[in-house]
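Novice: Each chain, written out:
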Amino acid sequence: MAVSSDRAVEHGVHPLREKLRPQPGVLVLRIIPLQLSAGRSRVVLERALRSSKSFRWTIISGFFEPVFYLLAMGAGIGALIGTVDGPTGPVAYAAFIAPGLLATSAMNGAIFDSTVNVFFKLKYAKTYDAMLATSLGPMDVALGEVGWALGRGALYATAFELVMLAMGLIESWWALLVVPVAILIALGFAAVGMAVTTYLKTFQHLDWVMTAVMPMFLFSTTFYPIDVYPRGVQILVQCLPLYHGIELMRGLTLGAVGIGMLGHAAYFVVMAIGGVLFVSRRLEKLLLT
Amino acid sequence: MIHAAGLTKSFDTKGGETVHAVRGIDLDVPRGEAFGFLGPNGAGKSSTMRMIACVSPRTDGELSILGMDPNTQGIAIRDRLGVVPQQDNLDEELTVRENLYVYARYFGFSKTYCWAKADELLEFAQLTEKANAKVTALSGGMKRRLTIARSLVNDPELLLLDEPTTGLDPQARHVLWDRLFRLKQAGVTLVLTTHYMDEAEQLCDRLVVMDGGQIVAEGSPAQLIARYSTREVVELRFVPGTQHAAEPVASKLVDRLEVLPDRLLLYTQDGDDTLEQAHAAGIEPVASLVRRSTLEDVFLRLTGRSLVD
Numbered sequence: 001m002a003v004s005s006d007r008a009v010e011h012g013v014h015p016l017r018e019k020l021r022p023q024p025g026v027l028v029l030r031i032i033p034l035q036l037s038a039g040r041s042r043v044v045l046e047r048a049l050r051s052s053k054s055f056r057w058t059i060i061s062g063f064f065e066p067v068f069y070l071l072a073m074g075a076g077i078g079a080l081i082g083t084v085d086g087p088t089g090p091v092a093y094a095a096f097i098a099p100g101l102l103a104t105s106a107m108n109g110a111i112f113d114s115t116v117n118v119f120f121k122l123k124y125a126k127t128y129d130a131m132l133a134t135s136l137g138p139m140d141v142a143l144g145e146v147g148w149a150l151g152r153g154a155l156y157a158t159a160f161e162l163v164m165l166a167m168g169l170i171e172s173w174w175a176l177l178v179v180p181v182a183i184l185i186a187l188g189f190a191a192v193g194m195a196v197t198t199y200l201k202t203f204q205h206l207d208w209v210m211t212a213v214m215p216m217f218l219f220s221t222t223f224y225p226i227d228v229y230p231r232g233v234q235i236l237v238q239c240l241p242l243y244h245g246i247e248l249m250r251g252l253t254l255g256a257v258g259i260g261m262l263g264h265a266a267y268f269v270v271m272a273i274g275g276v277l278f279v280s281r282r283l284e285k286l287l288l289t
Numbered sequence: 290m291i292h293a294a295g296l297t298k299s300f301d302t303k304g305g306e307t308v309h310a311v312r313g314i315d316l317d318v319p320r321g322e323a324f325g326f327l328g329p330n331g332a333g334k335s336s337t338m339r340m341i342a343c344v345s346p347r348t349d350g351e352l353s354i355l356g357m358d359p360n361t362q363g364i365a366i367r368d369r370l371g372v373v374p375q376q377d378n379l380d381e382e383l384t385v386r387e388n389l390y391v392y393a394r395y396f397g398f399s400k401t402y403c404w405a406k407a408d409e410l411l412e413f414a415q416l417t418e419k420a421n422a423k424v425t426a427l428s429g430g431m432k433r434r435l436t437i438a439r440s441l442v443n444d445p446e447l448l449l450l451d452e453p454t455t456g457l458d459p460q461a462r463h464v465l466w467d468r469l470f471r472l473k474q475a476g477v478t479l480v481l482t483t484h485y486m487d488e489a490e491q492l493c494d495r496l497v498v499m500d501g502g503q504i505v506a507e508g509s510p511a512q513l514i515a516r517y518s519t520r521e522v523v524e525l526r527f528v529p530g531t532q533h534a535a536e537p538v539a540s541k542l543v544d545r546l547e548v549l550p551d552r553l554l555l556y557t558q559d560g561d562d563t564l565e566q567a568h569a570a571g572i573e574p575v576a577s578l579v580r581r582s583t584l585e586d587v588f589l590r591l592t593g594r595s596l597v598d
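Chains as they are written, first to last, in the working numbering: chain U, 1 to 289; chain E, 290 to 598.
Take the hints with a grain of salt, since some may be wrong.
For each label pair, taking beta carbons as the anchor points, the in silico distance ranges come out as [unchecked claim]:
#, chain 1, residue 1, chain 2, residue 2, range
1, U, 203, E, 356, 43 to 49 Å
2, U, 180, E, 503, 56 to 62 Å
3, U, 260, E, 351, 54 to 60 Å
Sample of chain U residues at the chain E side, in silico, Cβ under 10 Å [stated by the list, open to error]:
#, residue
4, 35
5, 44
6, 46
7, 47
8, 55
9, 126
10, 129
11, 136
12, 140
13, 289
By construction, these hints were calculated from the structure, which means they are not laboratory data.
The C-beta atom is built at its ideal place from N, Cα and C for all residues, glycine as well.
Construct all of the structure, not just a fragment, from the sequences and the given hints.
Specialist: Shown next as structure tokens:
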């Protein structure tokens, strides 16, 4: 034990050791109870990045799904349809659905990681038990894992936007905001996805999550404008988070930006903050009992 | 290091019943001691360990670890603890070396320090050659050594080990004991649970026997043997069933006699002498054995021979 063999017999804390570690800032301490967070969620994110090397092909394959939809529906069915009415007037069908798929790819990355992967780590690998035996708090774990999930969502969205660019489907400079908005969308889905996951008991329950995500993908105005629905259904669809994500993306890539977008963004801010706080409490309840 | 008074842990089960896992225990573990919890499954050992590890709030009573209260300073306490859980929860998505590195990062050390610490602990755990292997490729003994090495990344002042050698072969157990001895020499306070009596005798300065959530005995291994058993034990082996015939005669020879399905156990200060007397009294066992009392005798006397779960 060469690095600091005197530590064990010494009272108190090694002076050098404290220098080696940045202490959580005063601000963090004031906002979050000390028991929930050590202000060190970045090390949880670091672990996720390191472990992702072992399933990099799964990560890469997740990018292709929305691309295939874009090719099949946009190029294929789009050839039959021609143009549809977008927020700025008639647009090519592919340009109409591409932002919908963009929002979906941000969602997919976030949801997959915050449900399937989190569930496995929570129930089987006991990764979070190991983390909470150290001086990390539940909120460090929640923020780190949500951070990783949103990173994956943002990665998919960025790659998808490049595909859109290559296919000439971006019509506005507002599209520069696509990546930050994708991060916001992914953050909201990751936080809520992880919160839901803390209630799941078996792998069958994970199927229910996918069963909920699939119709949301199909019916949240991804493939056609909302006015095809009767009023009642419109309201229902407008309650879904993906609808607001698609509105944001469609506005940015087609150049229809208005004050209403702040409302769509607020939906995700609430999901994100509520989700993270909720997950922290749930982890505390599940693992620190 | 650890002070507990009237420490209690109860859980509410789904059926609405309350399970009393720990029913008011008193403990004081000074710095540098190797302290053991013995007890059958369900005795409350692990629940107690989880409370000490600050991952389980107490239901009632006092608890102070390193002079701090786990209810309000859990993170600060865990910062100075090492924990070896009952079941290895190593990170299977990472390599052996990365497991140590990442775990050290959880404590907030710098990257350079964490890599150096990882290499040092690989050597300590005799796993240097496996540094870049996946955890899934390790044997049970190697995993256990890695888990123990992992618990040392923050140079803990107090090391908590929940059944550290369960499921290991004798070689692996001895290697682990050797490592734990070294830590003890370095001044680390060890607290362990076990149901291996030889392990408790090897490692513990002092131990408590728990049963049904309570402490039923406390002392050094030698003290416990002196108090709850005799110096030696004579085992007389019979064809199952026939031991009952010898029981009345044998019971006159010693203060305490235990009848097992195929054996009589005679607790005595002088085994050879008692055996001679047994032969003289006309007892004819199939085989006989004189041995020293062990903690196992104490344990079985205190917690009974029937299965608990």
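Novice: Sort out which numbered hints this structure fails and list those numbers smallest first.
Specialist: none
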